[in-house]
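Line by line, the protein sequences give chains A and B. By UniProt numbering, the letter at position 298 of the first sequence is numbered 298, and the numbering carries on one by one without gaps. By UniProt numbering, the letter at position 285 of the second sequence is numbered 285, and the numbering carries on one by one without gaps.
Since the hints were made in silico from the structure, they are not lab data. Each hint should be verified, as a subset may be incorrect.
Because identical chains cannot be distinguished in the list, a pair is counted as satisfied if it fits within a single copy or across any two copies.
Only pairs whose alpha carbons sit at most 30 Å apart, straight line, appear in this in silico DSS-like list of lysine-lysine [what the hints assert, rightly or not]:
1) K250 to K113
2) K244 to K113
3) K267 to K113
4) K250 to K264
5) K113 to K264
6) K250 to K22
7) K54 to K244
8) K267 to K22
9) K250 to K54
2 protein chains.
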Amino acid sequence: MTTAADSTVQSAPVRPFAQALKDAQTRITTHMDARLGGDDALHAAMRYAVTGGKMLRGFLVLESARLHGVAEAATLEAALAIECIHAYSLVHDDLPCMDDDDLRRGQPTVHRKWDESMAVLAGDSLQTFAFELLADPRIGPHGLTLIRGLAQASGKDGMVSGQMLDIAAETATRPLDLEQITHLQNRKTGCLISWSATAGAVMAGADEAPLRRYADALGLAFQIADDILDVEGDAAKVGKAVRKDADAGKATFVSLLGLDAAKKRAKTLMEQACDALTPYGDAAETLKDTARFVISRDS
Amino acid sequence: MTTAADSTVQSAPVRPFAQALKDAQTRITTHMDARLGGDDALHAAMRYAVTGGKMLRGFLVLESARLHGVAEAATLEAALAIECIHAYSLVHDDLPCMDDDDLRRGQPTVHRKWDESMAVLAGDSLQTFAFELLADPRIGPHGLTLIRGLAQASGKDGMVSGQMLDIAAETATRPLDLEQITHLQNRKTGCLISWSATAGAVMAGADEAPLRRYADALGLAFQIADDILDVEGDAAKVGKAVRKDADAGKATFVSLLGLDAAKKRAKTLMEQACDALTPYGDAAETLKDTARFVISRDS
């Protein structure tokens, strides 16, 4: 068993986390194949966009659902839904009028493999599909709460507003400060991570406070690690262009804190995330490993 | 009172339909101002995209809800939701990589007034907002059914698939035949009209069959009228470019049936739509006027 003390920014625990994550990817992908249907190019592009990522958000749904004894059928619907939302945001974010990225997860982005109109429409229908999944009766009586939460986390006051702030920052006369970056990243990334980590408690009608505290720390640690990867990462492993932020002179946690302090901050947040899981005892060991992985990943 | 016999493709009833539609636009717009919130550019673009249209889909929600005695609060949430879905589809459809339109409702399209990234994100968050509205507790116990229906009507097997078929038709070696055009338009337009016209019955837990029959005829009549407008319409009144389809050599109901037969077909569908409302008696008079309006509108 890996403990928090063993973990550093440099070395990732290989098991049991890596195996658990791989199992989750298989289960979510299998569920997608069963649920998505269709044999046209639109469905193919949707499937392509969801495939090949870490599926960390879906994994958080599975783990939080396991902690609360939520039924498998409901769990998989919710895990696939959040992966569809995440995938739609990436497909649209990669568009030429947005970040203009050719590579994602080491593969051509949707608008490069197909074209821009396909990227717009596949992203649109991935978002729709996510809400269709959450409206399935097998989700149980808390489906509407999940839907409302996901809409708030991903829309005009959540993820999309974070993307707007990100775009605005590029043309701002002065770089963002630490408080502004933290707010931006909470909107852009934190909200969805929080929805994912609390989904199991919501579906079970249980207290979601411990998982929310965990997610708040995890989300911020995740983004700091992302900024570190942008500086230190290997494009081949990361699967997308690196040093984009640094080259663009964009404010990041690394540019504001310095590399060493950013790593230290990520580690402190990881420890806070693990502490928040105390009420769950040993059952939350995999979620603790997730926090360790998040700050030590190389992709 | 206007009767079906008075109505032709050339003359629209001015009252009570025009007043009822105007009232609906005011109520939906007022509800949007109360519900949307926000004072940033993203919210402004969302508001702009929803404003200024006929709000025919929202009007259908209000009228079908009135027939079933659905509470005002629930009705307005659903009416605004469908207008947000419709608006998002227009904003994305107008993008340079799609239809590349500069004008919509006589005003600059969102990507012309702001930029392309704003059009992508405002469209995205309008879709999200629609599902947030439908997940509101005031919708009542049938909220999940509404959400599932809207996702199916608007996503990969509904509106978006219709847009894909439309794009594919542009590069096809032979023009679509009547059956293919009917299928495409049912996906692209019919599904959302059907959702709108049945929403009241769904919210009330009532039989939606008569309204579905009404909507099926209405949706097709609407599209035939649109094709007629593309040929006969005045760009200033229509508020967007006309003769685009004809100039592009695209198959339409008019190119396949001829102008006179298309008008006759629209009139027959209008009459079928009105007949489907018989179970509702006089209470459905406004919905009948809607069918008459749809085939006689000049914009």
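Right, here's what the structure says about each hint:
no., hint, verdict
1, K250 to K113, "both (29 Å within a copy, 27 Å between copies)"
2, K244 to K113, "both (22 Å within a copy, 29 Å between copies)"
3, K267 to K113, "neither (38 Å within a copy, 45 Å between copies)"
4, K250 to K264, "within (21 Å within a copy, 61 Å between copies)"
5, K113 to K264, "neither (39 Å within a copy, 44 Å between copies)"
6, K250 to K22, "neither (34 Å within a copy, 48 Å between copies)"
7, K54 to K244, "within (21 Å within a copy, 44 Å between copies)"
8, K267 to K22, "within (24 Å within a copy, 59 Å between copies)"
9, K250 to K54, "within (26 Å within a copy, 43 Å between copies)"
Of the numbered hints listed earlier, those contradicted by the structure are 3, 5, 6.
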